[in-house]
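Model the full structure from these sequences, guided by the hints.
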Amino acid sequence: MSTTYLLGWVVAIAAGMLAAFGLGASTRAGRTAMVCGYGIVFGMLLAAAATAVTARADTAQAWIHAAPWLAGFAIVFAALAYWMQRGAVIARTPEIDDEGSGYWPRLAAIVALASLIWRASILASEVLLRPTFPWDAWDAWAVKSKTWYLLGHYAAFVSPGEWLAHPDAELYTGPTWDYPSTLSWMQVWFASAAGDWIEPLVNLPWVALWAGLLLGHYGQWRALGLDRTRALVSVYVLGSLPLLTTHVALAGYADLWVATIFGFGVLSWLRWQEQRDRAQLFLALTCAITLSLLKHEGIVWCLSLLFAIGFAALPSRWRWRSAWIAAAALVIAAVIGQSHVLFAAVGWVRSGSRVLDIPVIGSLTLAWHKPAAIGIVRSLFVQSNWHLLWWLVGPIVVWRWRALRASDALSVCALLLLACFGLLVFLFVFTDAAGWAESYTAVNRLIMHITPAVVSLLALLLREPGAAPGPYRKVPEPDRLPDPA
Amino acid sequence: MRSLLLAIALIAMWLLVLGSAAGVPWSAPLSSHATVSLNGQDFRPLVGAGVEDGTALGVGAIASDGYALQTTSLNKLRAADLPVLRYQFEDFPRTLELVLVFRRADAPEDVQTVALPWPGDGGVAFDLRTATEAWRGEIIELGFAEYATSQLVPPSIAFRPFRLVSARLQSVAWSAAPALLRSGWFGYRPWSQSAVNAVAQGTEGTTSMPLTLALGAVMTFAILAWLRREWRGRLLQLALVLAALAWMALDLRGLDDLWAKHALTTSIYSGKSWQERARLQPDEDVAGFAQLSRQQSSSPSAGQRVLIASDSVYKMLRLIYFLLPLNTAPLETAIANASPSSFPPDTLIVICAGTAWQYDGAASMLRSGTRAVPVTPLFVGGELGIYRLRRGGS
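Protein chains in written order, with our numbering: chain D, 1 to 485; chain V, 486 to 879.
It is worth saying that the hints were derived from the structure and are not from the lab. Some clues are possibly wrong.
[What the hints assert, rightly or not] Quick list of simulated restraints, FRET-style, between CB atoms:
hint, chain 1, residue 1, chain 2, residue 2, range
1, V, R856, D, V397, 50 to 60 Å
2, D, V355, V, G622, 46 to 56 Å
3, V, S641, D, S439, 29 to 39 Å
4, D, G352, V, W716, 57 to 67 Å
5, V, M704, D, P359, 41 to 51 Å
6, D, S363, V, L523, 54 to 64 Å
7, D, A156, V, S635, 31 to 41 Å
8, V, P830, D, V331, 52 to 62 Å
9, D, I374, V, T861, 46 to 56 Å
[To be verified] Here are a few chain D residues that face chain V, going by a calculated C-beta distance under 8 Å:
hint, residue
10, F77
11, S115
12, R119
13, V143
14, I198
15, T245
16, T286
17, W320
18, S322
19, I332
20, N444
Keep in mind it's a predicted model, so treat the numbers as computed, not measured. Glycine residues also receive a C-beta, built at the ideal position from the N, C-alpha and C atoms.
Shown next as C-alpha cells:
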C-alpha cells in the first residue's frame with residue numbers, strides 16, 4: 001500500500017469528516033461517531049464528485065487534480081455550516097443514563113463490539129487479498145472506472161445503437177452503459193491514488209463503507225436518545241447481518257451504498273423531526289438526492305424519502321387529506337394523460353390494463369405470483385440472510401405499539417418503511433419481476449436497501465421512555481448570557 | 486418436581502425441533518439397521534492417479550482436464566434404504582469441491598451427481614434424500630469426483646494430494662441426527678456468485694438454522710412461561726434473553742462460516758504481490774484468451790473496436806472485463822443492431838469457447854446460421870479465434 005494511496009484515503013475522509021463536523025456541531029451525544037460515520041461515507045462520495053468534475057481529462061492522476069478542490073470545498077462548506085450553527089451546541093438532548101446499565105447488558109455490549117472488530121479484520125483481509133469476484137462488480141460497476149482509469153481520460157458510455165452509429169467516435173458501450181457513474185468515479189479516485197488498477201485497493205472502500213454505516217448509525221442513535229449499551233447492541237445487530245457482511249466481503253455492488261445512504265437519510269430526517277435541527281434536514285435531503293446518483297432503484301427510495309419528508313412536514317390534520325388529494329390528482333393525471341403520468345426523476349410512467357411501464361425498472365406485466373410470495377417469506381424467515389431480524393420486527397412493534405403511536409416521528413418513519421416494503425412486495429408478488437424473488441437474485445438485495453432504516457426504527461422503539469430529545473433550540477453562547485444581576 | 490418436569494419438557498421439545506431440522510422421522514430407530522461400509526481402497530481411480538495407502542486410497546494427481554474421479558461398483562443397493570452418506574477424507578484441500586457420483590440400475594448410462602460439503606478433517610454426514618431426487622431405485626456404482634472450486638479457485642493451483650479414507654451408506658436413525666445437523670449447519674460452503682443475492686451457510690437442505698432456532702426459542706419461551714410461574718413477571722427479559730442467545734448462536738455460525746471462506750482466500754492469495762494475485766484468476770483460460778487477444782489489437786487509444794462472442798455469457802463478459810480498456814461489445818448485440826458492413830474496418834472479432842460462430846476457410850467468412858461476416862483470421866488455436874473484419878461484408 002503506497003503512501004499516495006494512504007494520502008488519498010486521508011484527504012477523502014478528512015474532507016468528509018470536516019463537512020460532517022460542520023453539520024453535526026449541534027449535538028453532544030454521539031457527535032464523534034456521527035461525524036466519523038457520515039464523514040467516511042460522504043468523504044468517499046465527495047471524492048467521487050470532485051473526480052468527476054475536475055479529472056476527466058487526466059484520470060491517471062485524478063486524485064491529484066481533485067484533491068485541492070475537494071479540500072477547498074470541505075473547508076468552505078464546514079466553515080459555512082459551522083457559522084450558521086454557531087452557538088448551537090445544545091443542551092436539549094436529555095442526559096442519558098449510561099452508568100445505570102447492568103453488568104450483563106454491558107458485558108453483552110463489550111462482546112458485541114469485540115465481535116464486530118473481529119469481523120472487520122476478516123472483511124478487510126478478505127477484500128485486500130482477492131481480485132474483484134462477484135458478477136455485477138466486474139460486469140457492471142467497475143467497467144466504467146477501469147476503462148476511464150486505464151484509458152487515462154473520460155469516455156462516454158452509450159447505448160449499443162449509438163455506439164454502432166458513431167464508429168469513429170471514442171464511445172464505449174456495454175450492458176450497463178446507463179448505470180449511474182458515482183461509484184465508478186470513486187473507484188477512479190482510489191485507483192489513481194494507488195497508482196495502478198489494483199482491484200483490492202479499489203474495492204477497499206466497501207470495508208470503509210461498512211465501518212461508516214455502523215459509526216454513523218451509532219452516532220445518530222445516541223443523538224436520538226439511545227443509551228450507550230442499547231446503541232452498541234443495535235450496532236452489533238446491524239453489523240452482524242449476514243447479507244451486509246457478504247456485500248462487504250464480496251465488494252463491488254452498489255446495494256450497500258444505497259442501504260447506507262437510505263439509512264443515514266432516515267436517521268437525519270428523524271433528527272429533524274424530533275430536534276428541528278436544520279443541518280439534519282439538509283443531510284436528509286442530501287441523502288435523498290444521493291440515492292438517485294448511486295443506482296436506478298435509488299430513484300424510487302429518493303422519491304419515497306422526499307415524499308415522507310414532505311408528508312411529515314405538514315400539520316398532522318393535513319397529512320391524510322393531502323395524501324388523498326395527491327392520490328386523486330394522480331388518478332386524474334392518469335385519466336387526462338391517457339394512462340401516462342410524468343414523475344419527477346422517473347419519467348413517464350404508463351399504465352395499461354395489465355401492464356405498468358416504469359422507465360427506471362422496465363415494463364411490468366401485472367399478475368399474482370404465489371412462488372414469489374413464498375420466495376419473500378423464505379428470504380426473510382428461513383434463509384440465513386438476516387439472522388432473526390424479521391422474526392423480531394413484529395413482536396417489537398406490537399410490544400412497543402404505544403411508544404410508536406406516541407411518537408409522531410417514529411410513526412411517520414414506520415409508515416415510510418411500510419410503504420417501501422409494500423412497494424417491494426408489490427413489485428415481486430404482483431409483477432413479472434417475480435422471477436427475481438423466486439430465484440432470489442434481487443429480492444434480498446432490494447430488501448437490504450431499507451434494512452438499516454428498519455433496524456433504526458426497532459432500536460428507537462426500544463429506547464428508554466422519555467429519552468427522545470426535545471426540539472432543537474439555539475442556546476446563547478456563554479459570553480452572550482444575560483447578566484444575572 | 487416442577488424443575489424435573491421443566492427439564493423433561495425442554496429436552497423433549499428441543500429433540501423434536503432438532504430432530505425435525507435434521508430430517509429424522511419419529512419412527513426412525515435409535516441406530517441404523519442397515520449399513521454399507523467402504524474403505525478408500527475399495528475405490529478405483531478412474532480419472533487421475535491414485536494408489537492404495539493402507540485401507541485408504543491416496544489420490545496423487547488429477548487428469549489433464551482438471552478433475553479426478555474414484556468409483557466402486559455396488560451390488561444393486563436399494564437407495565431408499567440407505568439415504569445417509571458418511572464420508573471421510575484426509576488432507577483434502579480447501580481449493581477443491583467434492584461431488585458424489587453414482588449410477589442406477591434403471592439408467593446405467595446416466596451419471597448422477599450431487600455436490601457434497603467439503604469434507605475437512607473428520608467425517609461428514611449428508612442426507613441424500615433431501616439433496617437429490619435421483620437417489621432412488623438401485624445403486625450400482627458410487628464414487629467421488631474432485632474439481633477446482635468453480636469461478637473461485639484457479640485450476641492450476643487447486644490440486645494437492647489427499648486420501649480417501651472411507652465412505653458409508655446407512656439407513657436413517659436418530660444416531661445420525663447430530664452429524665447431519667452439524668454438516669447441515671456448519672458444513673463449509675465456498676463463496677459463490679449467488680452469495681450476494683442470498684446467503685448460504687452450511688448446506689441447508691431442509692435444515693434452516695434461523696427457522697429452527699426461532700421456533701425453538703418461541704417454544705422454550707412458552708414452556709418457561711407456563712411451567713415457571715415465578716418468571717411470569719419477567720417475561721420480557723426472558724424473551725430478550727432467548728432472542729439474544731439465538732441471535733448470538735446464529736452469529737457465531739456466521740462468523741465461523743466467514744472464517745472458513747476467508748481461509749480459502751488466504752490459501753490462494755496470501756503472501757503474493759498484486760501482480761501475482763492478478764494472474765491467479767479463477768478463470769485462467771479466459772485471462773489467457775484476453776492476453777492473446779490484446780497482442781493482436783491496437784493500443785486502446787487507437788479506438789479499435791473488438792466484438793466478442795462465446796457460448797458462455799460468463800466467459801464473454803469476463804473476457805470483455807479483462808480486455809478493458811479496449812473498446813469492446815458482444816458480437817451478437819452488434820449484429821442485431823447493425824450490418825457488419827457498417828462496422829469500422831479494423832474491427833477485431835474474438836470467438837472465445839464458442840461454437841455458434843464457425844470460420845468458413847473457403848469463403849473466409851465467420852458464419853452463424855444464415856449470418857456471415859467476412860474476416861481475415863489472425864489467430865486460431867484451441868478455444869480462441871481472433872479475426873479482423875474484412876471489407877465487403879453483408
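Checked hints:
For the pair V:R856 and D:V397, the supplied restraint of 50 to 60 Å holds, since their beta-carbon distance comes to about 59 Å. Under the hint 46 to 56 Å, the C-beta atoms of D:V355 and V:G622, about 47 Å apart, fit the expected range. A hinted range of 29 to 39 Å for the beta carbons of V:S641 and D:S439 is consistent with their spacing of about 32 Å. Checked against the given bound of 57 to 67 Å, the beta carbons of D:G352 and V:W716, roughly 59 Å apart, stay inside it.
Separation of V:M704 from D:P359 is about 49 Å and conforms to the stated range, judged on CB atoms against 41 to 51 Å. Between D:S363 and V:L523 the beta carbons are some 56 Å apart, a value that agrees with the proposed interval 54 to 64 Å. The beta-carbon spacing between D:A156 and V:S635, approximately 36 Å, falls within the hinted interval of 31 to 41 Å. The hinted window of 52 to 62 Å between V:P830 and D:V331 holds, with their beta carbons roughly 56 Å apart.
Between D:I374 and V:T861 the beta carbons are some 55 Å apart, a value that agrees with the proposed interval 46 to 56 Å. The interface hint given for D:F77 is broken, as the beta carbon of that residue sits about 34 Å from the closest beta carbon of chain V, more than 8 Å. At about 7 Å, the closest approach between the beta carbon of D:S115 and any beta carbon in chain V falls short of 8 Å, and the interface hint on this residue holds. A cut of 8 Å between beta carbons decides the hint on D:R119: the least distance to chain V is about 7 Å, and the hint holds.
Annotation: interface hint on D:V143 holds; nearest CB of chain V at approximately 7 Å, less than 8 Å. A hinted interface residue such as D:I198 counts as satisfied when its beta carbon comes closer than 8 Å to some beta carbon of chain V; here the least separation is about 5 Å, so the hint holds. Given hint, D:T245 at the interface with chain V, holds; its Cβ is 7 Å from that chain's nearest Cβ, closer than 8 Å. Interface restraint check for D:T286: the shortest CB-CB distance to chain V comes to about 27 Å, outside 8 Å, so the restraint is violated.
Violation of the interface hint for D:W320 is found here, the shortest Cβ-Cβ separation to chain V being roughly 33 Å, above the 8 Å cut-off. The criterion of a C-beta within 8 Å of any C-beta in chain V is not met by D:S322, whose closest approach is roughly 38 Å, and the hint is violated. Given hint, D:I332 at the interface with chain V, is violated; its Cβ is 40 Å from that chain's nearest Cβ, farther than 8 Å. Given the 8 Å rule on beta carbons, the hint for D:N444 holds: about 5 Å separates it from the nearest Cβ of chain V.
Hint compliance for this structure: hints 10, 16, 17, 18 and 19 are broken, all remaining hints hold.
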